[in-house]
Structure formats: C-alpha cells, structure tokens
Amino acid sequence: MIEVKNLSKRFGPLIVLDRVSFCINDASLVVVLGPSGTGKSVLLKAMLGLLPVDNGEALFDGKSIQSATDEEIYEIRKQVGFVFQGTALFDSMNVADNIALPLTEHTAMPSKEIRERVCCLLDIVGMAGRAHLYPQSLSGGMKRLVAVARALALDPKYLFYDEPTTALDPIMTDKVVGVMNNLKKSHTSSGIVVTHDLDTAKAVGDEIYMLKKGCINKLAKIKKELYD
Amino acid sequence: MNLFSAIGDFSSFFFRSVFISWHLKTARHRILNQVYEVGIGSLPIILIIAAFVGLVSIVQTSYQIAGTMPRFILGATVGRMVMIELGPILTALMVSGRCASSMAAEIGTMRVTEQIDALETMAIDPYRFLSLPRIMGTFIALPVLTVIAEFDSLLVSGAYAHFFLDVPFGVFNYGLTHFFYAKEFFGGLVKALFFSVVIATSGCYFGFKVRGGAREVGRAATYAVVTASVLVLMLDFLVALVIFG
Ligand SMILES: Nc1ncnc2c1ncn2[C@@H]1O[C@H](COP(=O)(O)OP(=O)(O)OP(=O)(O)O)[C@@H](O)[C@H]1O
Ligand SMILES: [Mg+2]
Numbered sequence: 001m002i003e004v005k006n007l008s009k010r011f012g013p014l015i016v017l018d019r020v021s022f023c024i025n026d027a028s029l030v031v032v033l034g035p036s037g038t039g040k041s042v043l044l045k046a047m048l049g050l051l052p053v054d055n056g057e058a059l060f061d062g063k064s065i066q067s068a069t070d071e072e073i074y075e076i077r078k079q080v081g082f083v084f085q086g087t088a089l090f091d092s093m094n095v096a097d098n099i100a101l102p103l104t105e106h107t108a109m110p111s112k113e114i115r116e117r118v119c120c121l122l123d124i125v126g127m128a129g130r131a132h133l134y135p136q137s138l139s140g141g142m143k144r145l146v147a148v149a150r151a152l153a154l155d156p157k158y159l160f161y162d163e164p165t166t167a168l169d170p171i172m173t174d175k176v177v178g179v180m181n182n183l184k185k186s187h188t189s190s191g192i193v194v195t196h197d198l199d200t201a202k203a204v205g206d207e208i209y210m211l212k213k214g215c216i217n218k219l220a221k222i223k224k225e226l227y228d
Numbered sequence: 229m230n231l232f233s234a235i236g237d238f239s240s241f242f243f244r245s246v247f248i249s250w251h252l253k254t255a256r257h258r259i260l261n262q263v264y265e266v267g268i269g270s271l272p273i274i275l276i277i278a279a280f281v282g283l284v285s286i287v288q289t290s291y292q293i294a295g296t297m298p299r300f301i302l303g304a305t306v307g308r309m310v311m312i313e314l315g316p317i318l319t320a321l322m323v324s325g326r327c328a329s330s331m332a333a334e335i336g337t338m339r340v341t342e343q344i345d346a347l348e349t350m351a352i353d354p355y356r357f358l359s360l361p362r363i364m365g366t367f368i369a370l371p372v373l374t375v376i377a378e379f380d381s382l383l384v385s386g387a388y389a390h391f392f393l394d395v396p397f398g399v400f401n402y403g404l405t406h407f408f409y410a411k412e413f414f415g416g417l418v419k420a421l422f423f424s425v426v427i428a429t430s431g432c433y434f435g436f437k438v439r440g441g442a443r444e445v446g447r448a449a450t451y452a453v454v455t456a457s458v459l460v461l462m463l464d465f466l467v468a469l470v471i472f473g
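Chains as they are written, first to last, in my numbering: chain A, 1 to 228; chain B, 229 to 473.
The set of hints was computed from the structure by calculation and includes no laboratory data. Some clues are possibly wrong.
[As the list claims (entries may be wrong)] Covered stretches of chain A, going by a simulated chain B footprint (3 or more residues, C-beta under 8 Å): (1) 8–21; (2) 202–216.
[Claimed, not checked] Quick list of the computed label-pair ranges, beta carbon to beta carbon: (3) G62/A <-> S240/B: 45 to 53 Å; (4) S36/A <-> A442/B: 15 to 23 Å; (5) S239/B <-> I171/A: 48 to 56 Å; (6) F232/B <-> D91/A: 35 to 43 Å; (7) K112/A <-> P272/B: 14 to 22 Å; (8) Q136/A <-> H406/B: 52 to 60 Å; (9) L14/A <-> L260/B: 40 to 48 Å.
Don't be surprised by glycine CBs; every beta carbon is placed ideally from N, CA and C.
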C-alpha cells in the first residue's frame with residue numbers, strides 16, 4: 001500500500017502540490033487526472049523521492065521515502081516500475097539492453113536467462129522481434145511499450161505510469177491500455193497512472209482523483225463528474 | 229556560487245563518484261568501454277599531435293644550440309622536454325578537448341531526457357553507473373596515451389635529426405639515454421594520473437549539473453573543457469613544484 005500524506009511542493013512562488021493526500025491500496029490502479037501543467041509529473045517524482053518536497057511524505061508499506069537513507073530508498077525503488085512521460089529509454093542501448101539493465105544490475109541471473117526474460121517481456125507488450133532496435137528507430141508508441149517492458153523487468157510491486165497514452169493514435173492507445181489492463185489482471189501489483197486523457201482514465205482506473213491547482217479530490221461518480 | 233563552494237562541490241562530486249561500493253564484475257564492462265572511448269578513440273589525433281610536437285621541439289632545439297654545443301645534446305634536451313612537460317600536458321589538453329566535452333554532453337543529454345531519473349527509479353546509482361567508469365577509464369587510458377605520445381614524439385624527432393640535421397640516430401639516442409632520469413619519466417606519468425582525474429571529473433560534473441535543454445548541454449560541454457584545461461595547467465604547476473621544484 002502506498003500512502004501519500006500532505007505532500008507539498010512549490011517552485012518559487014508557484015505552488016504545484018498543496019498538501020496532497022491519497023492512498024493506493026494493494027491490487028488497485030489509481031488514476032490522477034489533471035490538465036497540462038498542474039503537477040502530475042511532479043507528483044510522481046516527488047512520491048519516489050526524485051524531487052525534494054517541501055512538506056509531507058510518501059509511505060511505501062509504511063516506510064517513508066522522504067526520511068529514508070539512500071540504501072532504503074533504493075530498496076523501495078526496486079519494487080517500483082516507472083514509465084516516464086518521455087519514456088527515458090537509454091538511447092545508447094538497444095531495446096534488449098534497455099530492458100535487461102535492471103536485471104543485470106540487481107539480479108545474479110545468467111545472461112541466457114536474462115535474454116529469455118527480455119523476450120518474454122517484449123512478448124507481453126507485443127513488441128517481440130524488436131529487441132535489436134535502438135530507441136531512435138522506434139515510434140513514440142513503440143517506445144512507450146518498451147518503457148513499460150523495462151518497468152516490468154524486476155516484477156515490481158508498484159507501477160507508476162506518467163501519461164502512458166498521451167499523443168498516441170487511437171490504435172496505439174488501445175494497445176497500451178490493453179497491455180495495462182492485462183497487467184492488472186495477471187499481476188497482483190498496484191499502481192498509479194497520471195494522465196489528462198479521460199478515456200484512458202476510465203479504461204484502466206479503479207479509483208480516479210482530480211488534481212487541480214495543487215489540490216487533489218476523489219471523484220465519486222466517475223462518469224458524471226468527468227463530463228461536468 | 230563562490231569559488232570555495234564550487235571547489236567543495238567539485239571535490240565532493242569526485243569523492244561521491246569514486247568512493248562508492250561497486251563490483252568489478254558489473255563495472256568491468258563499462259570501464260573497459262571508457263578505456264576504449266578515451267584511449268583508442270583519442271589515439272589517432274594524439275599520434276598526429278605528438279609527431280608535430282616532436283618536429284617542433286627538434287627544430288627549435290637545433291636552432292637554439294646550433295654551433296654552441298655537441299650534437300648529442302639534441303637527444304637529451306628533446307627527450308627531457310617531451311617526457312617532463314610536453315608529452316603529459318599536450319596529451320591531457322587534447323583529451324580534455326575531446327573527452328571532457330563529450331562526457332559532459334552525453335551525461336547532460338541523459339539528464340535533460342530524464343535518463344538519469346530513470347536510473348534512479350531503477351535503483352541504479354547514476355554516479356556509480358556513469359561517473360565511476362568514466363573516471364576509472366580515463367585514469368587507465370591517459371597514462372598509456374601519454375607514454376605512446378612521448379614515444380611517438382621522440383621517434384619522429386630522432387628521425388628528423390637523422391635525415392635532415394645530420395645527427396645520426398646513434399648520437400641522438402646517446403643523448404636521450406645518457407641523460408634519461410627515471411624520476412622525470414615517472415614524474416610525467418604521475419602528472420598524467422592527476423590530469424586524468426580532473427578531466428573525467430569535469431566532464432561528468434558539468435554533465436550532471438545540466439538543468440534545462442540543448443543550450444545548457446552545449447554550455448556544459450564548454451565549461452567542462454575550459455575547467456579541465458585550467459585545472460590541468462594548475463595541477464601541472466603544483467606537481468612540478470613537488471616533484472621537480
Ligand atoms: N524543475 C522545475 N522548476 C520549476 N518549475 C517546474 C519544474 N518542474 C515543473 N515545474 C512546474 O511545475 C508545474 C507542473 O509541472 P508538471 O510537469 O508536473 O506538469 P504535468 O501536470 O505533468 O503536465 P503535463 O500533462 O503537460 O505533463 C508546471 O507549471 C511547471 O512549470
Ligand atoms: Mg507530465
């Protein structure tokens with residue numbers, strides 16, 4: 001379970017997060033909706049300790065990342081798969097090496113097993129046979145899928161998606177949403193999706209929150225409130 | 229940022245990058261990659277530069293001693309000049325220009341495209357992953373490059389003396405070996421070791437510091453080269469004081 005308590009973050013005079021609190025239960029996917037520039041990406045980064053916060057904390061199974069030591073932070077992060085808004089694939093490595101990196105760094109798997117695991121992950125996201133390509137030669141949607149595969153490498157307990165479907169065509173969006181939903185069914189992991197895309201929110205979310213002007217609110221009746 | 233806090237920041241970056249737990253098994257591949265990048269990558273340009281350094285040294289020396297000293301002095305003077313000063317310093321400046329900038333640009337680009345954040349989220353320490361191999365790789369490659377550059381310079385200057393100045397190889401070689409002091413040769417290599425540290429650290433430091441976009445990446449590359457070059461010359465002076473002063 002992840003609990004976010006009173007998370008506050010400002011950049012100079014700009015208050016991006018104002019005492020944001022919510023909770024992600026096990027085996028549920030929480031969606032945070034919000035217009036561009038409200039601080040959705042900042043929220044995800046602050047939760048993982050990538051950005052220093054002014055106040056508040058994010059607790060992963062009761063452990064606060066903001067007051068943890070470097071080693072403890074890394075232990076927590078090993079349980080998290082993060083899909084970045086800009087995918088953040090390593091452009092000096094091909095698809096296979098991108099996905100294999102967490103495995104070679106954190107496990108003692110022999111290289112043959114790693115190769116099999118990479119193939120299996122690429123299969124899950126429907127990118128089989130593209131292992132040798134470099135990120136430069138992939139389309140935006142394909143990069144997104146590879147980023148999902150990389151996030152899954154260590155079998156994380158939590159998945160963080162930052163705008164997984166933004167700027168994708170409807171077919172690619174369906175594909176990514178399909179992958180996310182399959183993962184939800186087959187994995188017992190929980191996660192958070194931030195997006196400004198209502199359809200994605202409805203398609204994958206168990207609970208939906210709205211982030212606006214730094215404050216977060218839970219939407220009770222998803223459909224009605226969204227369209228209001 | 230004032231000078232002192234900048235120096236503090238720079239050195240703490242270095243210690244943070246190097247004094248860190250790491251395993252040879254996982255790091256070896258990346259260190260060797262950097263040895264290749266810095267060493268083999270710089271080799272052609274170093275060979276060309278060193279050859280011309282040898283030529284200039286022999287021409288200038290022969291002009292200065294013409295008719296006043298025995299000819300074997302050519303070998304002694306050029307040899308000591310190249311080994312104490314010209315070999316280490318010009319190799320280091322060349323590698324600063326080539327590698328410090330590319331390290332800063334590469335790491336800076338990784339910073340602005342969130343690849344460094346991605347490393348963090350994968351629980352991979354970016355200092356261990358990016359700076360350590362670069363610093364270690366340069367530490368190994370630069371002294372080797374320096375020795376190659378010195379050898380190249382001396383070979384070319386000896387050949388020039390033989391064919392154009394009427395100083396046979398034997399005579400040049402007599403001066404070179406007769407006035408060879410191990411302290412000078414190894415003093416030059418000690419300098420190269422210090423230089424390697426500041427070159428790679430500047431490259432990585434300014435890369436990590438990038439915030440923003442393409443323009444900042446470009447700036448970081450410039451700062452890295454300028455800082456590395458200035459530090460190389462300052463260190464050159466300090467080491468010279470300690471070893472030869
Ligand atoms: N490093 C930073 N320095 C200063 N301001 C920042 C920084 N990062 C983000 N901001 C500001 O914080 C606000 C939220 O940014 P954020 O990237 O979280 O938006 P977002 O909700 O993810 O938008 P989008 O949907 O377009 O991705 C923006 O107004 C942005 O200008
Ligand atoms: Mg965003």
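Cross-check of the supplied hints:
| no. | hint | in the structure |
| --- | --- | --- |
| 1 | 8–21 | violated (count 0) |
| 2 | 202–216 | violated (count 0) |
| 3 | G62/A <-> S240/B: 45 to 53 Å | violated, 33 Å |
| 4 | S36/A <-> A442/B: 15 to 23 Å | holds, 22 Å |
| 5 | S239/B <-> I171/A: 48 to 56 Å | holds, 53 Å |
| 6 | F232/B <-> D91/A: 35 to 43 Å | holds, 37 Å |
| 7 | K112/A <-> P272/B: 14 to 22 Å | violated, 38 Å |
| 8 | Q136/A <-> H406/B: 52 to 60 Å | holds, 58 Å |
| 9 | L14/A <-> L260/B: 40 to 48 Å | holds, 46 Å |
Hints 1, 2, 3, 7, counting from the list given before, are not met by this structure.
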